[in-house]
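Given the sequences, and given the hints that come with them, work out the whole structure.
2 protein chains.
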Amino acid sequence: MAEAYVLALDAMGGDFGPSVVISGAALALKRHPELQFHLFGQAAAIEAELKNHPELASRCVIRHTDTVIAMDAKPSQALRRGKGTSLWQALECVRDGEAAFAVSAGNTGALMACARFILRTVPGIDRPALAGQWPTIHRPSIVLDVGANIGATARDLCQFALMGAAMAQAVFGIERPTVGLLNVGVEEIKGADEVKEAHALLKRVDLMFDYRGYVEGDQIGQGVVDVVVCEGFTGNVALKTAEGTAKQIATYLREAMTSSVSAKLGALLARGGFQVLKARMDPRRNNGGTFLGLAGIAIKSHGGTDALGFASAIDVGYGMARSKTVERLAADIALLSSKLDQLVGDVAPAVAASGASSN
Amino acid sequence: MAEAYVLALDAMGGDFGPSVVISGAALALKRHPELQFHLFGQAAAIEAELKNHPELASRCVIRHTDTVIAMDAKPSQALRRGKGTSLWQALECVRDGEAAFAVSAGNTGALMACARFILRTVPGIDRPALAGQWPTIHRPSIVLDVGANIGATARDLCQFALMGAAMAQAVFGIERPTVGLLNVGVEEIKGADEVKEAHALLKRVDLMFDYRGYVEGDQIGQGVVDVVVCEGFTGNVALKTAEGTAKQIATYLREAMTSSVSAKLGALLARGGFQVLKARMDPRRNNGGTFLGLAGIAIKSHGGTDALGFASAIDVGYGMARSKTVERLAADIALLSSKLDQLVGDVAPAVAASGASSN
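Read top to bottom, the protein sequences are chains S and U. Take the first sequence: its letter number 119 is residue 120 in our numbering, and every next letter is one higher. Take the second sequence: its letter number 121 is residue 122 in our numbering, and every next letter is one higher.
Just so you know, the hints here were simulated from the structure itself, not pulled from any lab data. Hints are not guaranteed to be accurate.
Stated by the list, open to error - Simulated pairs of lysine to aspartate or glutamate, EDC-like, Cα-Cα distance not exceeding 16 angstroms:
| no. | chain 1 | residue 1 | chain 2 | residue 2 |
| --- | --- | --- | --- | --- |
| 1 | U | 248 | S | 244 |
| 2 | U | 248 | S | 4 |
| 3 | S | 248 | S | 283 |
| 4 | S | 248 | U | 48 |
| 5 | S | 279 | U | 256 |
Claimed, not checked - Have a look at the derived ranges for each label pair, beta carbon to beta carbon:
| no. | chain 1 | residue 1 | chain 2 | residue 2 | range |
| --- | --- | --- | --- | --- | --- |
| 6 | U | 286 | S | 286 | 25 to 35 angstroms |
| 7 | S | 49 | U | 138 | 34 to 44 angstroms |
| 8 | U | 265 | S | 72 | 36 to 46 angstroms |
| 9 | S | 152 | U | 173 | 32 to 42 angstroms |
| 10 | S | 32 | U | 252 | 22 to 32 angstroms |
| 11 | U | 186 | S | 176 | 32 to 42 angstroms |
| 12 | S | 248 | U | 121 | 34 to 44 angstroms |
Only a predicted model underlies this, so the values are computations on that prediction, with no experimental measurement involved. Every residue, glycine too, gets a C-beta built ideally from N, C-alpha and C.
Take a look at the structure:
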């Protein structure tokens, strides 16, 4: 296994390719001077960018490749034609133990498919999950799955709880993260059957997180728990709906602040306040989605982010590598599996016997 | 069937009971002087409120009952013990053709269970849906199901499309509403199987709405379609997540506008602008959820709303009653069913044959 400070970057991913990746890496190096980089992509383009960052250049190995996975490639295309591309090679570098983690701003579906294929899952994990950081009025929460899979069994949801808690430990340094299960009501009888079954199981497994029961959609942004667990379709819709609502309100606010001369003047006078607001809503601070449940660390940076955002994504990978999240997760998943095997005979009939309808 | 302007009100529902219901009714009467009211609840409490609204009093029949369904009653309790309560009698009044629609600010689950039991579903409908109005940067959209059921088949989703379109016609006067299917991506291969199957069906049925394909969570608030169709668990999470995000940003905004003296002064100067913002985000304007697919109209008002919000809920019921939404829906559902029966043999194997995985 590579030292925690060696990382593999897909230099070609994202809307801006090497220019953002290299400046992001330079920023990350300022934060963590021990970092070393393997940069995968077109050597000439990478070298041109590195001229602006001589300190970074001395910490980099360039691994040339001419091929890339297109931003609009489908996962199946990425798998068929991805071999040799910058993304593929960055992931192989992690698989082969040369780098502790990989970061790409490339297309999510392609990264997910290739990472799963190249890095494989931790034994006992059926479905890896995509975990996102969700800004709340307190510190950010981890929400998963936000779209790696559609559908999840009760056992998958329990694994997501454990995986999300491991990420919260690594990225935010929370010793015993709190975990909630996303549901449509906080009463015990409500919810989808697999969610109710997962609730019954999570109440009874005693692991390194603190299970707090159900949370509803409006509680995520209140930061009531460190980790919110849900199935991938719902999680993806929730995440995008929150992004859309933020955008919608920003539109309202802009229109309101230009609706009269005094509003315009007031907005000008309050511009310091609006900068505070903008900083709190800055998505670059919480950039870096993670595929959890793989036998290696692959971080997804937002495709449209800048150097600051890309550096945040590197921070996430670095935190996980330093905490040995993958190694610890493998042991924790084995422990969870044995506990669930003991419980599941008790709990599944109990849920069925409660006769709770789906309403 | 009662004339469109006769309505039944559960005077005891909501956090404030008769005081909000009666003032809301008075406001509705000002908007629609032809309205007539059956008020169900404690006669003394209702009469006391009516003293403040003599014009309304002359248009009301008070139907006394001492019993109410508690705001925290579970749906099963409401069904077992609900008979004779103000909510129950208001719904019976619709069933018996004395009123064209009922409005209650009582507990959602109880209203849903009682309405389904008393009013029954339109023939051919397996799952009624709860439809909500979702404010967007354009006019509001109808989103359904936001929590009447968990899970939905492709056929259910097609029915929701039709039901939502009928509501958009009735409430917003849109002749040929546009409809989208909520999914995790706009590519054809993505999504849950039932969503993909519904997509294939909706593309091919030719009805009184214009099917526009998939929409993602961040597009709802952009108002890209008049009707957004989804399964109830996802819809409920999406709706609550949007509410939570709006609340979260309001917190940020308040803190930002008090973060310095100049921000405070600016906010004071821009208070007209903030009032514009507040008005656009005012949930009272879009109050009034509807159970669609029932053989009668039952409107759910928010429990914590005021007179203005309650009057909006009455508007929704009045719009649907005048448009004969239920009668027209029964005919449209029968037409949809026959079209789906023809299609379903073609489409289901086509979806299966596409071999699309869930990712």
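So, going through the hints one by one against the coordinates:
1. U:248 with S:244: holds (14 angstroms)
2. U:248 with S:4: With Cα atoms ~43 angstroms apart, residue 248 of chain U and residue 4 of chain S exceed 16 angstroms; violated.
3. S:248 with S:283: holds (12 angstroms)
4. S:248 with U:48: violated (47 angstroms)
5. S:279 with U:256: holds (12 angstroms)
6. U:286 with S:286: 25 to 35 angstroms: holds (33 angstroms)
7. S:49 with U:138: 34 to 44 angstroms: holds (41 angstroms)
8. U:265 with S:72: 36 to 46 angstroms: holds (44 angstroms)
9. S:152 with U:173: 32 to 42 angstroms: holds (34 angstroms)
10. S:32 with U:252: 22 to 32 angstroms: holds (29 angstroms)
11. U:186 with S:176: 32 to 42 angstroms: Between residue 186 of chain U and residue 176 of chain S, where Cβ atoms are some 37 angstroms apart, the hint holds.
12. S:248 with U:121: 34 to 44 angstroms: Given about 41 angstroms between the Cβ atoms, the range holds.
In the structure shown, a violation is registered for the earlier hints numbered 2, 4, in ascending order.
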